[in-house]
Amino acid sequence: APGAADDPSRVEVGIVFDIGGKDDRSFNAAAWAGVKCAETGFLPDGRTSCGRPPLGIVLRDVEPGTPTSIEPAMRAFAERHYDLIIGVGFAQGPIMEVVARDYPDVRFAIIDGVIFEDDGKTPKKNVASLVFNEHEGSYLVGVIAAKTSRTQTLGFVGGMDIPLIRRFAKGYEEGARSVNPDIRVIENYVGVTDAAWNNPGKGKELSMAQIGRGADVIFAAAGNSGLGAFDAVEQAGTENGRARRFVIGVDSNQNGVKPGFVLTSMIKRVDTAVYDIVKKVVDGGFTGGFHVFGLEGDGVGYVVDEYNRDLVSPEAIAAAEEARTKIVAGEITVTDAMAQ
Amino acid sequence: MLELRGITKRFGRVLANDHIDIRVAPGSIHALVGENGAGKSTAMRIAYGFYTADSGEILVNGRVADIRTPHDAIALGIGMVHQHFMLVPPMTVAENIVLGAEPGTAASLDMKAAIAGIRALSDEFRLAVDPEAPIETLSVGQQQRVELLKALHRRARLLILDEPTAVLTPQEVAEFFAILRRMRDQGRTVVIITHKLSEVLAISDDITVMRDGRVVGVLSTRETSAAEIARLMVGREVLLRVDKAPATPGGVRLQVRDLNVTGPDGSPRLRGISLDVRAGEIVGIAGVEGNGQTELIETLAGLTPRAQVTGRVTVGGRDVTRMNARERREAGVAHIPEDRHRRGLVLSFSLAENAILGVHYRRPAVAGAGGVMLDGHGIDARTDALIRDFDVRPPQRALPARALSGGNQQKLVIGREFSLPPTLLLVSQPTRGVDIGAIEFIHRRIVALRDAGCAVLLVSAELEEATALSDRLLVMHDGRIAGEVDPARATSEQIGLLMTGGGGQTP
Amino acid sequence: MTRLDSWGLTPLLRELRFPLVAVVAAFLVAGLIVLILGDNPLDMYWLLVGTAFTWPDGIGYTLFYATPLVFTGLAVAVAFRCGLLNIGAEGQLYVAAFAAAWVGIELADLPGVFLLPICAAAAILSGAIWGGIPGVLKARFGSHEVINTIMLNFIAVALVSYFTQYHYKVPGDPILQTAPVGEGAHLARLGSIVPGLPERIPLNLAFVLAVVACGLVYVFLWKTKWGYEIRATGENPGAAEYGGISVRTQIVVAMAISGGLAGMVGINEVLGYRHRYYDGFSDNYGFTGIAVALLGRNHPAGVLVAALLFAVLQRGGVQVDAFTADVSKDIVQILQGLVVLFVAAEAMFRFRIRPAAERVA
Amino acid sequence: MSEIFTLALVFSTIRLATPLVWAAIGGLYSERSGVINVALEGLMLAGAFTAAAVTFYAGSWFIGLIAAVMAGALTAAVLAVACIRFGANEVVAGTAINILFLGLPAVLSGALFLSSGSTPQIPQENLIPAFADVSVLSVLALAVTLATWYVLYRTPFGLRLRAVGENPEAADAAGVRVQRIRYAGVIISGILAAVGGAYLSVGQSSLFTRNMAAGRGFIALAALIFGKWRPVPTMLACLLFGFADAVTIQMQGVAKLPSGEDVPVQFVQMIPYVVTIVVLAGFIGQSRAPGALGVPYVKER
Ligand SMILES: Nc1ncnc2c1ncn2[C@@H]1O[C@H](COP(=O)(O)OP(=O)(O)OP(=O)(O)O)[C@@H](O)[C@H]1O
Ligand SMILES: Nc1ncnc2c1ncn2[C@@H]1O[C@H](COP(=O)(O)OP(=O)(O)OP(=O)(O)O)[C@@H](O)[C@H]1O
Ligand SMILES: [Mg+2]
Ligand SMILES: [Mg+2]
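Protein chains in written order, with the working numbering: chain A, 1 to 340; chain B, 1001 to 1507; chain C, 2001 to 2361; chain D, 3001 to 3301.
Derived from the structure by calculation, the hints contain no laboratory data.
Even for Gly, the Cβ is constructed at its ideal location relative to N, Cα and C.
Listing some non-contacts, in silico: residues in chain A with all C-beta distances to chain C over 12 Å:
id, residue
1, S9
2, S178
3, K279
Think about it this way: if two alpha-carbon atoms lie no more than 20 Å apart in a straight line, the pair counts; the simulated EDC-like pairs of lysine to aspartate or glutamate are:
id, chain 1, residue 1, chain 2, residue 2
4, B, K1196, B, D1212
5, A, K326, A, D336
6, C, K2169, C, E2183
7, B, K1112, B, D1130
8, A, K279, A, E39
9, B, K1244, B, E1462
10, A, K125, A, D283
11, C, K2225, C, E2235
12, C, K2225, B, E1327
13, C, K2169, C, D2109
14, C, K2225, B, E1330
15, D, K3228, B, E1136
16, D, K3228, B, D1265
17, D, K3256, A, D182
18, B, K1196, B, E1493
19, C, K2225, B, D1380
20, C, K2223, B, D1380
21, B, K1196, B, E1223
22, A, K125, A, D102
23, A, K326, A, E296
24, B, K1196, B, E1163
25, A, K280, A, D105
26, A, K121, C, D2173
27, A, K121, A, E97
28, C, K2169, A, D336
29, B, K1196, B, E1440
30, B, K1196, B, E1289
Given these sequences and hints, build the entire structure.
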């Protein structure tokens, strides 16, 4: 029988991924980690503890794969009166807006998107809009990159030329320029179709071309294609035991992917945000409206851990921390390219 | 050497071979004769493993042989020259000859040895041909030599030749027979398929006659006559003559002046052709295939790209040189193409759809507003009329043209073209692959059309047909008109000389 | 009924017998894979097929998914009937969708009676032009339509992405999509017409248009002289030429019609569904169209059936992904691949019946 | 401009052309035998996934490559049986293989790695070795092209392959087993295309990701037609595509509009495709396919 495992006595959570799918090693993956943690207490690999207790939920997931399948997937959960339906990615905003109106008793959460009531101003009551200030995080890694670069040439590899990715690029560039207004930032994109997120070969070539033109720190925001940048810096080798070129990871902590070559990762705590919203549903504390995760509260940021402690100079960290303080205080406003 | 016992082969509804028994004595030349469609090729293709019989057995040198593919047959020393040549056009002569039996090792093909071997063979049998020339540059006659060399290269002890003389001039036929005799004297066995009685009598030792898929007679050449063979072949007394009154030509209907045509590669195909065809006469064109007849008819029908054509063509006084096929058809030109499968029919289309090819854009094929919609009733009526008037016998009315026998396909094409109705008929190989009854029918219709005042330009590779039908006969060689003869009086030697380009005189 | 009818339909019905066996076989093999993965194939089949026919969401979405596939299937079929392989429907539909949106934005203030037809025409026309280009290139230079359609796919996607990004995006919109088209360019959803069908289901008049297009393509191909010329060219170019048909013209015409049909996807997407151009909206409709056309034997009726089959799988795929433990929607891709493969090789299911004793003893 | 045309460009061209050469030369064997191969994309994906998965477990690229070759051969054998034995339309069957390999690697990686479309990353030392940024597979690609030339024109097998692709009936009449040669041609194409795929996953990158061939199979097909089905010109066509791609990569962010802004990336990315169309129309013109390409050889027996 369909949905034989459904158990109404427990909290049922459905998650609808973005086109990239839960395996994008980026924000879909982070969302997946968050719900998996809530379900099992482990990371998706099923072995590593996620450091938080399982919440005893029933979890169902869909990777729609195509833009037209998002709405029916969301409705499939809503029809079965799931307790929480999570939509991953801003692209689901317009769809969730409609579905949430049809099912006012169902609670929704959207990552990277904001949903209003019909008046267009009031945040929707049954939807939690979880938004991250990626441009601010990108600004900080831009500062670190500029402080680290010996060539004063930086690289940025994006998946596609779309507004979200530009937000990363713009923040990164502004951060770098705050250190050195004359610094050069080479901005490249992998492709023009969805295949651009899954073309590590091309990502590597772009990175190598940037390296060829002097870039020594590359920020990759290109899903799986970004892994090509990791390969490229590794291939560029080491000098006196220190990597000659560095890559900056994105969304999740990617410092451990190629230890020694990853300068830092611009993280976006989608996993925590998702876990927390599930927990609120379980505990009965769900509230709709905006939940902004910025530098304040570490919703976005950069990671220093055992993998990169020796790679980032204290001055770089100091500069980044200073920038963080100023942004939080409102002294610096980072351009949000998505709002352009 | 070779024996077929009780071989039966069916193609769909056609029973091509019906319990055939054929015995070929070693060291002899055995003729297999019969009309078109009698099943000769089928029987020999079974012996060569190209087809698999439904039942029956094959014996080679007295032992039952399991021949499933040509590969098996070749291993048993059987070689075959097919009615349609089995050559790979872009590859060279040598490559074609050694294909499947390559000298050298698996890792290295020894072309030098191959070429030397071919030179030796062609010297021995006087089959001169350049081993390094690509097949597509060769004439049909040369290609046939390649086919022979191919069989000889594999040391075939038994050689099956399917209508080898169809593409040769009378002189070449004589040479060719000398080669066959030489082979027989070396102890090889030859089976030759033909339906030309004079050739049978000239070359063979024994004869098997086939009709309608059955063996109807086994004869010894020394003890028989042309009349007897012919009677067996046809099953009645034959009379391959066309009854026709003398022509009463009217005004010039087709006028061709200084027509030059090149192939797509720029090589010359027609060189300065000029000719006239008058209303009410049949002008025949004889010649070995590949000497420009195809190009001439296709160009006159408007099927050659204009950039490849110079000269002037008028029909009924109107200049049609720059007209396309449809405009020429509108001007009264009908065309019966030499290859009905490539040109004349869309085999997957129904009879009705084929019945309107070329006139599909006008009444009665279309009806209604703007003449866009096909008119089912009009088309059916036309098709029915065609079937009735031209004796087309489809197994079922709704089947595609593919399901028709060759003769019925040809009658369909002829019916369609004749009911245009034309003032000029271009007709090429009208009776190729058609049974004797249909041949007579087609000949009568062509003559009737002439008598109704239509001008007819006829190309036929069958010399007998060309002479019997034509009122005037032109001979083509190498893209030129080599001469004109009176078909009623010229001998085949005279015509043959013109066909080889010898003895050229006017026009 | 005249005998002309037998040209298209009767052979089709005869033809459909073995493909059906092939489809069943593909389902069995996919079921085996599911079993190996540790899920219950029967559950999967219910989710996959059963949920496609529930009212109203199942049926509504199935038909909605079928709509673009009918268009691209027809597009590929028409080209195929002319002996051409149009791998470029994907590019054609992108260009068309963008053109529809572009016109809908630029002329947003026109009343619907004008705007809607103009936008639809823009989609069809631009698709026809984009499809006609490889046709012209083939007719004029003899360059292979397969290469050129592949190349034009990439160019189309890049081009519309550029225009969207740099010229027609609403500032501040996080999504790569154009501004909305004028109200007049909205095609009615069927929910506003069919009682009991909620309006939220995106099934719209474009589906009706798709069915009508099937009928029109059938009539065009088999009942008009133009269709006759295209089919004759595809079946035997030599005979077509002989019959006074310009093969070059037919190549261009067939490619343009093919492109126009592919372009009608833009009507469904832009005018009927999203009311704007949305970057990356096509789920490989153009490529799936190849499978749909060939599965449907390049016949409009077959295309309709095949498109519905693929739509059922797409609708069910979401349900399978959501409500099974380990089976992902990728099983649908495998199933589609198997269906196409088995239907292509359906001779496999015919030969079994042949008697064994055929060989020479 | 001088920033674009550098030695790095040469190496980049070679790297980008390598998978194309393997796939296109593979396709050549199939198409020269008369079987259209639009499945190169799927065959590459089969090779790419198998290579990555097996290398991950075995810790050796060599074993991964062998496995990829076997996967390619097996997949191609399926295609061959469908087309040759059962007379399937070659374009349809090839499309089916392509669709199949969008889904199959994802399902398998889901089962093996609890991931819905990619394999884990493979450590650098287990990847196919490269010298001066040029993989051994790039060098081998050149060798395979030359070897293919030799096989095609200097061995009995090549002669038979060409004959079968041009006129199978004639080859049959000459005693060549047409079907066998075609099986061989298609299976070789699967093997070579799979090597090209393996290069993508364990040579150029360090993992398999969903649909990572990203249309390269189709570009390889275009290169094959471009090269008129001959080995060396086909390789040159692949290099041209690789070069165009490399140039666009080098140009991104370098080429400026007169206004001083970057040329939009979309236009830069269009270049190789526009060039192909222009070259095909202007300079190459018609390329003559093998005579029997796409025509199944099922004769009355
Ligand atoms: N491959 C085939 N498919 C279907 N029918 C065939 C095939 N080959 C031959 N036939 C049919 O079998 C019959 C015998 O044909 P066959 O070619 O053996 O005759 P033939 O005596 O060689 O005639 P011809 O003198 O014209 O060469 C004919 O009716 C022909 O149409
Ligand atoms: N299917 C194939 N795959 C690869 N190579 C082949 C194939 N078929 C033939 N060859 C090559 O062609 C060469 C000759 O093949 P084959 O053994 O069929 O020759 P043959 O002279 O016809 O032999 P026989 O008459 O004994 O069968 C072989 O050495 C082999 O290299
Ligand atoms: Mg014969
Ligand atoms: Mg699932």
